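Trainee: Now for the letters of each chain:
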Amino acid sequence: MKQKLLCFFMLGVLLIGSAYAQDRRISGSVTAESDGYPLSGVSVVVTGTTAGTATDDNGAYSIVVPSGSQSLTFSMLGYISQTVTIGANNTVNIQLASDASELSEVVVTALGVRREKKSLGYATQDVSADDLTANTNQNLINNLSGRVAGAQVTSASGAVGSSSRLVLRGNNSFGNNQPLYVIDGVPIDNSASNVASGSTSLTTSAVDFGSGIQDLDPNNIASINVLKGANAAALYGSRAANGVIIITTKGGTGEQGIGVTYSGGFSFENPYILPKFQNKYGQGNLGSEYYYKLAGSPGTYAEWAPLNGFSYVDGAGGGVKDGYDESWGPRLDIGLMIPQFNSPLDANGNRIPTPWVSHPNNVRDYFNTGYTLDNNVAFTSNSEKGSTRFSYTNQTQYGTVPNTDQKRNTIQVSTTQHLTSKLNVEALMNYVRIDNDNLVGQGYNSFNPMNSIGSWFGRQVDMADLKANQNETFENGAPYNWISVYHDNPFALVNSIFSQPRVKDRVFGYALGSYTFNPWIKAQIRVGNDVSFENRQERTSNRQIDMYRSGANGNFKQLEMYRNELNADLLLTGSGDLGQDFNLSYTAGGNIRDNKYKYTIVYAEDLTVPDIYNITNVNGNPQATNRFEHKQVHSLFGQASLGYKGWLYLDVTGRNDWSSSLPQGNWSYFYPSASLSWVFTDALGMSNSFLNYGKLRGGWAQVGNDTNPYQTLATFLAVNPAFGGIPLYRVDPQLPPLNLLPEKVSSTEIGLELAAFDSRLRLDATYYDKITSNQIMAVDLARFGGASNIMINAGEIQNNGVEIQLGGTPVRNENFSWDIDVNWALNRNKVNELYTDPVTGNKLQTYPIGTSWGVNIQAVPGEPFGLIRGAKYRRNDDGALIVNPETFDEDGERMPSSGLLQFESQQVIGNITPDWVGGINNTFRYKDLTLSFLLDFRQGGDFYSVTDMFGAYTGVLEYTAEGSLRENGVVIGRDVLQDFDVVLPDGTPNDIVISAQDFFTSTAYNGGGTELSIIDGSYIKLRNINLVYQLPNSLVQRHSWLKGASVSLFANNVALLYTHKSNRANVDPETAFGVGNAGLGIETYQIPSNRSVGLKLNVAF
Amino acid sequence: MLHFNSLTIMKTKNIKYSLGLGLAALAFAACTKNFEEINTNPNSPTDAPMTNVLAFGIQDYAAGFFDVWGDMNEPSTYAGHLAKIQYIDEAQYVFRPNTVENLWTQASRELKNLEIVVGRAAEEGATNMQAAALTVQSMIWQTTTDRWRDVPFFDALKADEGVITPEYSTQEEIYPELLNRLKTAAELFNEEGIDDLGTGDLIYGGDTENWKRFANSLRLRVAIRISDVNPELAKQHIEEILGDQGTYPIIEENSQNALLWWPGDLPYFEPWASDQFDPSNARDDHAVSNILVNQLKSLDDPRLAVYAKKATADGEYRGAAIGPNDLVPAELTMYSRIGAKFRDDRAGFTPFMRASEVKFIIAEAAAKGFTTGTSAQVAYEEGVELSLAENGITDADAYLSGPAAWSGDISDIYLQKWIALFKNGNEAWAETRRTDVPALSPATGTPYSGHNRPPFRYPYPNTETNLNGQNSAAFVAEVEDSFWGKQMWWDIRTGVN
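Protein chains in written order, with this note's numbering: chain A, 1444 to 2544; chain B, 98 to 594.
Since the hints were derived computationally from the structure, they do not count as laboratory data. Hints may contain errors.
Okay, the calculated bits of chain B under chain A, using three or more residues with CB under 8 Å as the criterion [claimed, not checked]: (1) 132 to 139; (2) 205 to 217; (3) 256 to 263; (4) 288 to 299; (5) 537 to 546.
Straight-line C-alpha distance at most 25 Å; calculated BS3-like pairs for lysine-lysine [claimed, not checked]: (6) 1947(A) / 2039(A); (7) 2041(A) / 130(B); (8) 332(B) / 280(B); (9) 130(B) / 2039(A); (10) 255(B) / 2286(A); (11) 465(B) / 280(B); (12) 438(B) / 407(B).
Being a predicted model, the structure only gives us computed values, none of them experimental. Note that beta-carbon positions come from the ideal geometry of N, C-alpha and C, so glycine has one too.
Okay, chain B solo, but in the shape it has when bound (with noise of 0.2 Å):
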């Protein structure tokens, strides 16, 4: 009786629950219709200007590949600039795997924005900022390559379509797209456009007439890199350049260099300067190396006043050796520190390109037999003269008379660029390795034997193993002891290992 009974109840009364429930139902799907503005990012914007996400493409270059794990450690000390005195490792050619993985991760991410300043530029007819964008792109691709040779290039920055393991592409058909692009870039600038590059352009305020000049100079640098292993192409871009200046305007002022200033506040200190004066990181571990000093006395040039500081135990310039098994004297006090306006200037400059750089690669290609319109000992000298005038030294006529003299030979090019390309590190590593001038030999302290120059190449990283195996497992077995194996393609020194 009892359980028919709440049988009973349950059926009767229960139409009408149901009836609610039903109705409450109805109430939770109606109540749906704000999830659209609940679900809307309230902190950040779906598009941003173009200006500052160039602006962004720029920094980060100069913040990741100018500082001290980007360029001190490694480039600028490989290049025989720097030597590290304490924590020597990376001198020893021991990596930490994150630098690497930053690196990577950095020039990618830059290389992506810019993309996307290039193409919406393009949508939008912004012939200057497509250009400015482009040429700065084309700038980091050529340190990218000139770091791991082979990278995903034609298959890159292309994840948002679901290319999300990239096929790699060889810096023998890396080279020319950047020589293309470059051209492109000016040729854009040319189509004298009315857009502003606004207050992201970081290099020259706006001034579209200085970018042309940048653009063009970069092609130079681009060609000239290649002028040993496809003279025609370097030699048809350097004279196209070379042999129409009002179509192609290079830098030829240290007033037209590209450089980035740098605000001075925390946390945009130069990154040279950051990596003493920034409290995170307050480091004293790199001296001007004994390679570099020497070869400035040698040449008796005031530049070493500027470069190097005097050892503060007995005010001597002395550079240091170069990942030795152990430091000697230990000492930390008789090694010279870098220059105070390359080291110590928070609110200093990173060296992009600049005019003698410029002047040295023309008095190459005139060397070369390439049509410059000038020669190569007046390129020559007009290079050393702005690299001097840089370094606030206005009488170039000693120096150039002593034994930095013209001798006629290439290798003074190549060594008063090296001089020149000082806190340019990218440069300068790629230009001794493919010049051999000076000639350096490896760090006596490294675990890796056999080897006879400092580093070819950087290691690739260790996501690139795990991310795109497949993709890059053929060019990291390329790489000999992370730093060596398969050479860059403009680097055609032999015996070299």
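Pulled out of the complex, with its shape left as it was, chain A reads as follows (with noise of 0.2 Å):
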């Protein structure tokens, strides 16, 4: 490896040759011709080059000027570009007029390239720094939500430091979907190794620890760029494939001199979508009144409920019905008198009975109210030979969920010197830890506390009182709770029996060395590197009650881990007029990327001393696993642009891969890409004050993607740990791919950009399609064959769609403008093929994306990838259900199955691909004051509710005891299902009484109890309100030390206007499981997400 970067640095010191010639630094300020404010964000290039910078908040920039240059352009969206020509003078200060074409943006594209928009033959959109910093959102992808057209951004849960799930223009992929995320040009990690996978094995947690991205800091961003398709992204080779967030950071560019600019942000998070619960009913089993009534009504309600329904003894099973942690128990709030698990004691050790009372609000009671703390200082020096910035973030955020928290120290340094006019050297240094003392626990695990207080729980248990006495044991030994099997206390839970603290030290950054030859050859070298290391510790206590009742002190579980991601890239850009009319930029150059990954995990199932957490203290044998992965992928690739009179621009690129990860005879691949960009209303002359402007844009591209190391030989795997001292060898489950190629994704897009009446109307639309095949993914196959999947190359998947960006300007004058975005996208999916074995023609069915309870989420072939099937209720050929007919046995007793649904397993129930995803932002300022506001919505897309389907199962949802279905019972079809037609199997309509309970618990889980917790996702919801007061420049002004401020005022997650009514349940119709595909299209217990309302303060000095 070092001798290859040796080989491959000597290179580019030969191609930097012989350095000479003198340099010259201009500085000025760039102010609007109609008002003369300073105008920040202005790009200035030098003519004909791409060496260039933007003006800060001041209006004010700074450049060196290679010799032999003799003009700078400065442009800016909304104004029309000048180009002056440089005299003797050092300072220039233009003024630039308004102009509602869009001709000029200048926008980052791949590698760190900044070109003009309207050359740019494929969608990008940007998002600028303002969304991403009003307000103290610690996860910027949550930021991109309803921003962009074609993202579909979904957060995982209100949980500190989980993550969100962003995917660009629909699901390409059987494996990986997330977009790659470059900062300053180089690509940085995103993997999330959480929730579904665990922390890889050795585990029974299901924390989400997050993705990579969400460690970078918001505050240090100065822009982010989306580029949607594959042919934006083709220079970025096989990781583009799915989209790239381009980030730009922060740096020190500016007015000459030191500056500092202060940030902090306050605000408070709560629970806003809790599960709608019923308050009719407490813990127990069949202790209805229907259940009264059909003993025969002996005695009264009152005394027959503690009889029969529910009455504690010891929690466990001891007392009546003490051990179900189901709602299906006494009536509450009548009047009854019931020993409970914190009723007093007599004389003789017994429960006193006490009243059997609701309390309405004890999940809500549950949460804490959360809040962050952001803090954030940047000192930023400017000169002529160069500008640096340093800038250091303190967050610190306490979770809803007791007891989890999260802070984040960012140091970050970035500095740009020009060592001569024409040597430039820039370096970034971002140090990041994140510290957690505790995260709670996710998914379907007894260390997620929604587990038990969300679903398997009784209605009628106290929040207080189990948060007063979470640290007291009952008479019995046993750790005080209102169950004493199955579950914890929920607050000892996340208090003192289960934690899960973790450090995490990062470092990223890059250095880069550039030489202007001549505005036709810049050549740069680039060297970035990411590294992290990360300790992650899952600590389970002797009180956790599992623990107590198998007499085990304990668990105790550690992961190291380390990943690196080096890239070393040799760039070569320049740019010049061809003759009079045509125009040629390139970028050339080559790439070497080096990943490692490794980790080690200790295990001690059992403890020898309780909460010592020291793998010295296991009991038994420690149990260890490590691995170690490396890859390199080395590339050339190149990019040129031919542009014709400013209106016509041909685009072409080509990149070779070559990667370690495929078998040797396909290391190597190429992929191309083409576009064109036509600026109609230059080229026909036809721009006027109706239409200012119009682009086509058209584009094929080709990207293709490797796979992660060592899938090509079968081995053998350890079964850890040995059983006796003896070790357990078996053949990896998984086969090896007979000849594994690169992956190909072909993309083709066709977009349209106008803007009319003076620009206050905005358009830009994109039609794609895409084909992703060769995918290599690792199929399930049918058991019997002997190995539980295969690594292949096969299937197809075809997204393609429409992107709309509308942007509107109804009002605009001095004092008060307002401005409206829409994002709007509908992507259509289908999987067209999967897998034949070439071989014996076999043919797969069925892809499994994941599976929940009965419920598979899979890609078929001419479907929609994420269909949903389940167990379907029997209909018959009217459509009707079919209820089981009234059967007795010997003794004349109704048989149990009598009056309930049939079932058909295994059919399509569902499909997890929404129709359309949208936003609509709202901005209107007046004077100095901004207020925005941000929809967001999703119009269908099915997931499949564990939160649901158990909580009917349980009696716990609001639905299970609506009206008096519990006293009465239900007749499926009159009092529940009534959107459905039932009937006997002989087509007479269903009378059948049934209880509620053998209803809903035969319905949501026993029968397979799917489709009725398969719940359609559309949504509207009000993402954010932001209201900002800019400090008048007026008053600025007065202050020589004060250069700017701003206060924002807040609120995020503000509410969920719409859900479908299949959402009986009221959960987060946004559900995410992790950024992976394993937990699309399903819910399970969802940490509820959080309202965030708070301030923030920005000053400069």
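Dock chain to chain to rebuild the complex, using the hints, since each chain is given by itself in its own frame.
Mentor: Put into structure tokens, the structure is as follows:
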């Protein structure tokens, strides 16, 4: 490796060749012609080159101009570009006239190359830093929701540190669907080893540790540009098949001298979407009035209920139904007196009955008000020779789940130094430390508090009592809780029983040297590295209920993880005119990427001394596992853009990768792209005040992709640990591929950009069609082939769709303006084919994406990605549901199956793919006050809710106790499932009365229970509201020490305005489980999402 | 003029730079030379010692088919030995799809790993290893077909040859081949190979003589199962073995029992104990059934105190009903839990085959008129003695002169075999389906109406429908209400459903 790098650098040096000549530094300021107000973000480029900078908040810039260059070009969206010849003076101040056309916007494209937007033949979309930094949201992905057409963001949960999944233009792949994240030209790691996959093996927990991109501090971001399609991303190669998120960090550019900025934010968080629970019946089984009447109404209900429905003795089955973690017990709030877990004891140690009453807010009462503190201070220094920025951020977050937190400290230093007028060096170093004292468990897991209080729960339980006594024990030694089997006291669970501390240190950055020979050739060497060390622990104390019951002393696991991605590239860029009409710009270069990943896990399944979480304290044998992975990809790439008269541009790119993870014969793969941009308003001279700007674009691209290392050969896996000292080896259940080829994404897109009415109406529309083929995926096999899955190269997924960004400025005058931006995207997705074995011709019928409680999420040829299959109500030819007839046993007792629904297994019951997604952002400016709010919405996209399914099974959800269901029983079709015709097998209408409990328990789970809990994921959310007050310029100018200030008041996740009626349980329709595909379409006890309300202050000195 | 200049610059200098780039490209191409090394897996070997793979096959089978999910909840409960007292869904035949998936997957992976051992050992001429792997694999095949009846068999375990949707074979086809394979195993052992089974022989610690006994005893088990549907074939194999004990020795003593003893350290607790003591399980969901307790009481059977504990509430032996609509009485302390020997020993055993079972097979064969070299009564009494001895009861005379005395009825053999098979739910369930002794009723709390016997078979897993639909569809269609439908080939009961 070292040798290779060396040879690479030597070549670079060779290319740089002889350096000479005088450069000079030009600085100045840019103001608006109309009102003299400083313009920030104006692109300043040495004419004919790509060397450039941008003006700061005060309109100031400073740029090194190579000798020989004679002019600077100033451009900005909404203003007419100006090219100014440089005279003898080193200061150039100019005024820009406003222009409604979109001709001159400059965007950051692949590999950090800035280009005029009009020359691009593909769709990109900018998100400004203001949208990202006006609040204290710690995960920048969440701030992208609704702002980018074609981006679907789903945040996993309201738990601290949880990941969010961002998908551009639909799910392409059976593997990874996440875009590539690039910071200042250097790709950074966004992997997530979390949730479903747990922390690799040796694990029982499911904690969402977030994905890599969340480590980035939003305070350091200057702008984000989203490259949605393969065309835009072709230069990044393999990993860009799902699009690229290009992040530009803040630098020290600006007014000469020293600057200081401070920003501080504070926000409160509270859960805002909780399931709707019933408050009519408490814990127990068969305890409702219906059963009392069925028993012949012996005595009074008040006498009957404690004897039959629920009566507490030890919470473990020693009393009446007191080991039931369900709420099918006696009626609440009618004056019943029942012994309960918190009832006082009499002289004999028996519990004295206490009032059986509801606690309607017991789930809500579990949650804290969380808060987030966000403080950032940045120092900038700027001189003729260069600029430097130092930034320090401290962020502290306390979760709404008690005792969960995250502390993040970020130091970022970036510098650009102009050693000579031609030789430029840059460096960026970002150090992040993330510290969690505890994170909450998620998924179907007893370490997730929602598993208990969200469904396996007694609705009568008093949360305040559990909180007050969380460290107590009962007289029999059991930990104090509402039940003494299966579950822990939810407060003790997070405070003292289960903890998952984590410390992560991450350093990423780059060093860059560039030399400009002439406008045609600028050579650049950049080495970027991203390294992280992480220590995760999972500790379970001996007070955990299973530990307590089995006499174990707790357990302990520690994971040490290391990741490193090194990127070294050499880039040549240049541009210039070719004759009168033609202009050429190009990029060419090479890249070496080197990925290393290793981890070590040690695990003590039981401890000798409780609460000592060290592997030497293991009771029995410690278990351990470790792994090392290494991969290299070498690439050569080039791009050229030929412009004609400033209104026609042809772009071509090519890239060749060599990946070590592929079999030897297939190491190398090449992929090209081409696109065309035609500014027809200029070409046809039709620009006028009605139509200012019109551009048609189109492109075609192919992107290849490789796979993980070590997939090409079958190995034997050791089962951990050894069996009494004897190692157990088994063959890897995954068959190796026959001849692995690289994956291929082919994409075409066409787009239209229009601006009209002085750019007060703006449209950017794209149609795309992309096909992912030769997918490298592990597919499940019918098990009796002797393998669980096989690595194959097959499958074809097609996505096509439309993205529309529509912007309008209905009102714009000196004091008041109103902007409205609408993003809307529709994606149609189809799995064209899976796999045919080349030897036997056997065809694969299904690719499983995920599974949960009898529901399977699948890819099936001819169907959209993410078909949901599960048990469906059996229907007759007329579409009516069929129930079992009434039958009796030998003793004349009615068979329990009477009147219950029939099911058919593994039928299609939904699809996870939404019909369309979008967002509407409104911004109102009145003088120095700006109010904006964002609505985002999704139409369609089903999911399977485990909260709903078990919530119905356990009788905790509101709809299981509606009306008098539990008093009078139900007739299916009349009292429940009223939307269906329900008949007996002979076709006559169903009239069999059954208990509500029998209906819900047999329909929600016992019967396979899946159709009931398929929820249409459509929603409308008021995502956020921001009110920003910018200190007036007049005020600022009075104080020489003050350069600017603003304060913003914000609310995130304000309200769920609409959810589909199938969402009777009222779970958050936006649900995800990590960033991978495994959790798609399945909601499992999601930690409730939070509403956040806060204040943020920004001051510049 | 300016344009002209730029063009000139480009032309002259670019030749040099293009050359540079060309060199760079060459450097890249050369740099792939370490790729093979980079992509060599440092974490796991491409080959592993066969003894360790054999160990995996044995351990995985014991862990999967003799634990709470693979045995206690369903087979041992359907056989009338155990009763679930909390979360009694399985006892009411409401199953968890994942359980079925897991068992299906486990069976297939054990079979595949053992197939690899058989193949490799054959190549290397390691006849003992080949025979041992073949023996264990045949045992697992029988368990598999006894659960699902028809499964991929001749077409199975060939995904690495491209057979990713294997065709099904019927139980009628599978059973005779299992007899052939077990005979092959015996012959391989008789070659007196010198290869050592190594540390991975978790059953006999390398004693090939005992392995030979185990292989032959298993052949008796397979043969007796089909003695009603193909008596000629059963007779042929049973008489071959019993007629030549020198060539085909069998398990005769408890010391020769095929057991897997567990280390007793986490995570390797004996599976029934693990259900209770592994902190990740910590369950108390099972009692002994009222059928078993009442049967043992009626026989004055001394094994009652070994099989069951007294109910903590009142010191009585009281079994629980299997899958009732609602448990009466509700108090869990009223039920007898499983005896400590079977439930509470972390370092306990998993029984694959025991001497008593072999004796009962001989007794049945004798009663059916096969030449066994002994009488039904002698074999029956020896079987009872072996079972009692195994449970620490040395004096069998009183018992055998009480209600359990040989009456000459073959159902005595079936009943005693059923009692002796405790903790081997696979066999106990198969035998109750075959013999209908003791007669068992279905759970009253089941949502499936209209049945008069506990389940006949397992449902096929969803993956089989999803991934091998065209082959499995006809067989899946033969299953009714998940657990009934077409009976086992060897289940000749009539009027049952």
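Trainee: Which of the listed hints are broken here?
Mentor: Nothing - there is no hint that the structure violates, so all of them hold.
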